[in-house]
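So the sequence lines, in the order shown, correspond to chains A and B.
All residue numbers for the first sequence refer to the working numbering, where the first residue is 1 and numbers rise by one.
All residue numbers for the second sequence refer to the working numbering, where the first residue is 341 and numbers rise by one.
A hint or two may mislead.
Said to hold, decoys possible - Below, a list of computed lysine-lysine pairs in the DSS-like style, where the Cα atoms sit at most 27 Å apart: (1) B/K501 - B/K809; (2) B/K824 - B/K695; (3) B/K736 - B/K750; (4) B/K462 - B/K527; (5) B/K763 - A/K63; (6) B/K764 - A/K63.
Stated by the list, open to error - Examples of chain A residues toward chain B, derived with CB under 8 Å: (7) T170; (8) W200; (9) K285.
FYI, nobody ran anything at the bench for these hints, they're computed from the structure.
On a predicted model such as this, the values are computed, not experimentally measured, just so you know.
A virtual CB, placed ideally from N, CA and C, is assigned to each residue, including glycine.
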Amino acid sequence: MRGVAGRAGRRFVSSLPALFGVLVFTFLLMRVLPGDPAVFFASGPNAGQAEIEDIRRRMGLDKPVPEQLLLYLRDIGTGNLGRSMTTGQPVLNDLRNRLPASLELTFCALLIALVLAVPLGILAALRPGSVVDHAVRLLCTLGVCVPTFVSGLLLIYVLYYLLGIAPDPTGRIDIFASQPPEVTGFLLVDAALAGDGEAWWAAARQLVLPACTMALFVLAPLARMTRASMLAVLTSDFIRTGEALGLSRRRVILVYALRNALLPVITIMGIVFSTMLGANVLVEKVFSWPGVASYALDALLSSDYAPVQGFVLLMASIFVLVNLVVDLLYGIADPRVSIG
Amino acid sequence: MRIGRREILAGAAALAVPGGPALAQSRAETLRQVTGNTVNTLDPTMPGSTREAFGISVNVYDRLVGFGRRQAGAGWVFAPDVIRGELAERVETSADGTTFTFHLRRDAKFHDGTPVTAEDVKWSFDRHVTARSLAAVQIQTGSWTKAEQFRVVDAHTFEAKVERPDRLALPNLCTLYCMIINSKVAKAHATADDPWAQAWLKDNAAGSGAYRVESFKPGEQVILRRNDDWKGGALPFFRRIINQTIPEAATRANLIERGDADLSIDLQASDVPSLAQRPRVKVVSTPQFNAFTMVAFNTRMTPFDNVKLRQAVAAALPYQDIFKAALFERGAALFGGDWSETPPTARFPQPMPMKTDLARARALMAEAGFPNGLDTTFSFNVGSAATSEPMAALVKESLARIGIRVEIQKLPDAQISTMVTEKKLPFLTETSIAWLPSTDYFFRNFFTGEQRWNYSSWNNAEINDLTAKARFERDPAEYERLCKRMIAVLAEEVPLILLWQPNQDAVMTQAIDGYTYQYHRQVDYRDLRRA
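Sequences and hints are given; from them, build the entire structure.
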């Protein structure tokens, strides 16, 4: 176990230069973008040069860029990510409040996607070229082709607007329901901790539509990868040996084949998770989900530097973390694999 | 015992009954407004505060005085010439128009229960003119610039003085920046670096208004609760207000159609006609009479420093077609005015005498010295693409007929504000608004000076002179003469072409009543009731 911790620690340290690079790159990129945030935020009929200069000073934009960068790095070192002009709050607070919303949605979507994709992939692999295989292929293609905002709006239109089954698609919990006391920020967990069944149900109902929308979108890579790697494994020698020895088909497929086919699926899962977290901005917008991606987009549109930089840093850190977890999962799925 | 589906349903219905009526009651007394934008601060004077933040502050804070309202068509609009008391019971204006004495309501209390005194009023105004905020730049247009102008007479009497009788001195005090803050609470949260408690008031309110802030989540929602001790007027109908951010316009429309939300004022113009047909939905459309959409020329840059060229463009634009294609005629036209030389009224904006006349446009092009035409760009911001895109296409097409080759440039909001401020764009369209719709105020803000609002960077000696005079003109007849002259010069020189005043379409459920179009273009919840 100590070996695992040591490996994880080494991996983390070796990713620090990459994080630093991302930090500096985003910082410079934001300054190269056209559009001056100070001008944008100075409104009022007589906002002249004085007001613009004042805002520029408050945002620290009056100093030369290298000095701004040093100050920014010092702030990051002390855990200060700056203040957002769009929400008026410290970026760290905003991210802390919004990250659980994004994570909760992404976890649920990934869970739904896995529960659907792995069996579908196995089914398709067992009978390649059959009707089942084609049906799975069609479903996956549809999921990838239809942009999330279209599938999201479609689901809202049918399930909320026409049928009235779904709750109104706005935010994490029914606006008239009472919110459970905040412990982790994950509403499902908080409601369960508080023993508040009603709040848990209200939050879960809100989650279904956006999570399904996202799951549809990532169904394809997961199902296709399961199918491909299952196909490769099913033709290998040890499967034939297992079958020859008269093991039950169920045991051969679920224990011997699936476990060996899972490695590439885990890799893809890591990538899919990181992508979902950052790229679910459309889903967040459509369902008014108060997550980090829509927050970063709003900030980007108004050239609000601090939140965008904070967001990119957060995403890079999560990416590093997810990769680490994926590596550890490798070890569980296949003890022969060891990544140093 | 066998339990069938019917029994389960009956059981569920029985369970649902106890909370039922009480819940329904509180829903009826709750107003849920959905908006695409966010409330980012509770202090509207913070630089960068959004329009939605303005709307919240109107309901949470009181001012000394406010604007009245009047019926217009099917709905209500604010009345800039009717000034009613809020925290002040009455106002006395001295004979020379320079001194205003406010008599405060004796029973008015802040949300923490302490009485509103002249000391609080004085502290608030000192803050508005001294602190670096949006308030200072706004109220200087009414000659309010320094703390010495404000004086406490006694606990319930407050005096404010201007040097010259500025026409907009009192109207400026009605604007939402002039909110009255609980000075004891604010001072307790002030620091040496922040003597006016600007950081604390961003996230906390210390007012006396009709509503208290129950919860404030920037970017998500604000929930207000009625202040039952409010003395500023009749108690508002709604006990609870939910102002929720929902970025997707289609979702906002769905929510209102299904009756889950009550009101939205920022739906897509193209959706409004079909929504108006639905039985459960009501649309109150009001031309925004203190706003205008225009096409502006940069009068300090070639080629549009040439007045003949500007006139040529003005004669070439297909006004009616643009009005139809871009706005579906949902607004009041500001073209096709039937006058020359002198306008019929001193009101502004009013329809200008612009008509499509291609022969005249071609003649003017030749006179301007562009027989071979010219190339230029036409810019607009992405946020207004729904109306600006069709407009730009028609501008491009029509100007091609008189030899002007237009390239269309669509810019993100932050970028276009930068370029407008730096006066780098030759030719653009924008929509702008003035809180105080008086003619000299419009001309001062939009047609003189170096600020961003002077879109055409116009610098006309006669206009500069006229606006400076009109500001302090107390004789109504003379004021009218000055304003008419300004409008006439504008029509002749065309630094920009007025197009229309877009409607504000407030879409609500049938039962909502009393919606009023306000100068800040947000919802004053005190006006509303459920029928």
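Hints, one by one, checked against the model:
1. For the hint linking B/K501 to B/K809, the alpha-carbon distance of about 20 Å falls within 27 Å, and the restraint holds.
2. The straight-line distance between the Cα atoms of B/K824 and B/K695 is roughly 20 Å, inside the 27 Å bound, and the hint therefore holds.
3. Simply put, B/K736 and B/K750 have alpha-carbon atoms about 14 Å apart, close enough for the 27 Å limit, and the pair holds.
4. A C-alpha spacing of about 13 Å is found between B/K462 and B/K527, which places the hinted pair at or below 27 Å, so the restraint holds.
5. Of the pairs offered as hints, the one joining B/K763 and A/K63 holds, with about 24 Å between alpha carbons and a cut-off of 27 Å not exceeded.
6. A C-alpha spacing of about 24 Å is found between B/K764 and A/K63, which places the hinted pair at or below 27 Å, so the restraint holds.
7. Satisfaction of the interface hint for A/T170 is found here, the shortest Cβ-Cβ separation to chain B being roughly 5 Å, below the 8 Å cut-off.
8. About 17 Å separates the beta-carbon of A/W200 from the nearest beta-carbon of chain B, more than 8 Å, and the hint is not met.
9. Because the beta carbon of A/K285 sits about 5 Å from the nearest beta carbon in chain B, less than 8 Å, this interface hint is met.
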